[in-house]
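**Student:** So the sequence lines, in the order shown, correspond to chains A and B. Just so we're on the same page, our numbering is the position in the first sequence counted from 1, plus 211. Just so we're on the same page, our numbering is the position in the second sequence counted from 1, plus 8.
Among these hints, one or two may not hold up.
Listed below are the simulated BS3-like cross-link pairs for lysine-lysine, each with C-alpha atoms no more than 30 Å apart in a straight line [unchecked claim]: (1) A/529 <-> A/554; (2) A/315 <-> B/54; (3) A/420 <-> B/54; (4) B/13 <-> A/611; (5) A/607 <-> A/619; (6) A/367 <-> B/80; (7) A/420 <-> B/60; (8) A/410 <-> B/54; (9) B/89 <-> A/580; (10) A/580 <-> B/80; (11) B/54 <-> A/580; (12) A/452 <-> B/14; (13) B/14 <-> A/580.
Hint data in this document are derived by calculation from the structure and do not stem from the laboratory.
Below are the chains, spelled out letter by letter.
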Amino acid sequence: MAYSATARESYQKDLQGMRDAGLFKEERYIHAPQGADIEVEFPVGQGVPPKRVINMCANNYLGLSSHPEVVAAAHAGLDYRGYGVSSVRFICGTQDIHRELEVKLTEFLGTEDTLLFPSCMDANAGVFEAVLSDQDVMISDRLVHASIVDGMRLCKAMQDTYKHSDMGHLEEKLQEHQDKRQRLIITDGVFSMDGDLAKLDEIVALAEKYDAMVFVDDSHASGFIGKTGRGVHEHCGVVGKIDIITTTLGKALGGASGGCVSGRRELVELCRQRARPYLFSNSVAPVIVAGALKVMELVTRSTERRDKLEANTVFWRKGLKEIGLDIKEGDSPIVPVMLYNAKLAQDFARDLFGEGIYAVGFFFPVVAKAQARIRTQLSAAHDRHHLEKALEAFRKIGAKYGILGLTKNQIIEKYGL
Amino acid sequence: MDELKKVVREYVVREYIEDGDDREVNDTTPLISGGIVDSFSMVSLKRFLERKFQIQIPDAQATPEAFDSVAKIAELVRRFKPDA
Chain A
212 MAYSATARES YQKDLQGMRD AGLFKEERYI HAPQGADIEV EFPVGQGVPP
262 KRVINMCANN YLGLSSHPEV VAAAHAGLDY RGYGVSSVRF ICGTQDIHRE
312 LEVKLTEFLG TEDTLLFPSC MDANAGVFEA VLSDQDVMIS DRLVHASIVD
362 GMRLCKAMQD TYKHSDMGHL EEKLQEHQDK RQRLIITDGV FSMDGDLAKL
412 DEIVALAEKY DAMVFVDDSH ASGFIGKTGR GVHEHCGVVG KIDIITTTLG
462 KALGGASGGC VSGRRELVEL CRQRARPYLF SNSVAPVIVA GALKVMELVT
512 RSTERRDKLE ANTVFWRKGL KEIGLDIKEG DSPIVPVMLY NAKLAQDFAR
562 DLFGEGIYAV GFFFPVVAKA QARIRTQLSA AHDRHHLEKA LEAFRKIGAK
612 YGILGLTKNQ IIEKYGL
Chain B
9 MDELKKVVRE YVVREYIEDG DDREVNDTTP LISGGIVDSF SMVSLKRFLE
59 RKFQIQIPDA QATPEAFDSV AKIAELVRRF KPDA
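Next up, chain A with everything else stripped away, as it sits in the complex (with noise of 0.2 Å):
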């Protein structure tokens, strides 16, 4: 038997490490469909009843993971097209429905062409490689998502990095790379755990001085930011100007999964033929093709969902900052409150659930050491009343520890590092 005693004891002491380290992730069970309400197992597997709880964790800003329509759809799909495909796209995976899903997100995303992929980690994943080569360079921000982080490594581009939304350094960069034969600026479009948008206008402007292309992952954007939801790229009134867009099919735009590079012609036509998880895994199952082409239908019919996301996010920044918590400063669904300690983010998040909401502790290696926190996200699917009652959890567990009203400097002298 090749996995040994003492290989099984390697991988035991390995995971009793993490385990020490706090670093150990548990999943709860969800007994419900995703929504603003959901029943929430936890701990798993101890006969313990599911609690029906607030969510305040989900990437579904638009509430259309359940949306009826979108399940509709979902299900007509699976009779019109079947269950599965059984082929990778360029052999006979690609259904006429995958085509026009392609078109319908080119066509919301301003661009020239897209083209699915089985995630957006699959997407990054691969399009740097298929579009760079060795006399390049990716010049990225140094917060950008682990997927991106990933992709980055496969290309065999130089890579380099800006301090997190410089525009001082990143030109400094671009100076440098003036040698190369093509420079790719590397962006989220809101980061994940600020929440925070990239200056996309500075960046693109900074692109044409200096001769670069422009890269922005616009997972936690699409649907929802931009006076009509297309992204930071409308939002910062730069549409057209971005040379590659990836974007997830997991977050506002249903969440089912799936995702997508978006951009140049070209760009987007190399993918086709290099991208290594387009070329050798399944493409978006038609069940999910279906419901997401009910989805574009949807946000491109109306702004009501995306204008109701921004209302909820308007009155929560403001309920947090009234109630006395230290929250990061922005305009994006993703709203951190600030806790700097990693037992107190923990602690803090047991309570919430205690209280029936559902919201996630961050601490070091997730967020940078001392930056510990609970990422709050807001929905299309919260009503007032969910809000209400959060912020009310919020306020009775900020008391429990006593940081209503404190700085950081404050909380950091009350509970450490």
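For this one, chain A is given, so just place chain B on it according to the hints.
**Tutor:** Using the frame of chain A, we list chain B on its own:
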């Protein structure tokens, strides 16, 4: 005053410490294991050293351990340029 260490330390602070971050960097502050420099950003540090001191550091020697403090970086540079 060790001029080499000073040059390296100044670069590290300018390149990696964010505005408003009051962390101090001395000769033994852990840079990589301390979360100040990530493995991606190490690339720009290697490039800086190679340009500044006109040396070539083979990738095999540009390890996270070798870059983990100003003192270790200075040691690495002197391996290729003893009079630096």
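**Student:** For each hint, tell me whether it holds in the structure or not.
**Tutor:** Each hint, compared with the structure:
1. Using a Cα cut-off of 30 Å, the hinted pair residue 529 of chain A and residue 554 of chain A holds, with the two alpha carbons roughly 26 Å apart.
2. Straight-line distance between C-alpha atoms of residue 315 of chain A and residue 54 of chain B comes to about 44 Å, which puts the hinted pair past the 30 Å bound.
3. At most 30 Å may separate the alpha-carbon atoms for a hinted pair to count; residue 420 of chain A and residue 54 of chain B meet this at roughly 27 Å.
4. Taking the CA atoms of residue 13 of chain B and residue 611 of chain A, the gap is about 48 Å. The hint is violated against a cut of 30 Å.
5. Between the alpha carbons of residue 607 of chain A and residue 619 of chain A the distance comes to roughly 19 Å, so the proposed pair stays at or under 30 Å and holds.
6. In summary, the hint linking residue 367 of chain A to residue 80 of chain B is supported, as the alpha carbons are separated by about 28 Å, within the 30 Å threshold.
7. Simply put, residue 420 of chain A and residue 60 of chain B have alpha-carbon atoms about 27 Å apart, close enough for the 30 Å limit, and the pair holds.
8. Note on residue 410 of chain A and residue 54 of chain B: the hinted pairing holds, with a Cα-Cα distance of about 28 Å set against a maximum of 30 Å.
9. Between the alpha carbons of residue 89 of chain B and residue 580 of chain A the distance comes to roughly 35 Å, so the proposed pair goes past 30 Å and is violated.
10. Proximity of residue 580 of chain A to residue 80 of chain B is assessed by CA-CA distance (about 23 Å); at most 30 Å being required, the pair is judged to hold.
11. With a C-alpha separation of about 25 Å, the suggested pairing of residue 54 of chain B with residue 580 of chain A holds against the 30 Å cut-off.
12. Restraint check: the Cα-Cα separation between residue 452 of chain A and residue 14 of chain B comes to about 42 Å, which exceeds 30 Å; the hinted pair is violated.
13. Using a Cα cut-off of 30 Å, the hinted pair residue 14 of chain B and residue 580 of chain A holds, with the two alpha carbons roughly 26 Å apart.
Of the numbered hints listed earlier, those contradicted by the structure are 2, 4, 9 and 12.
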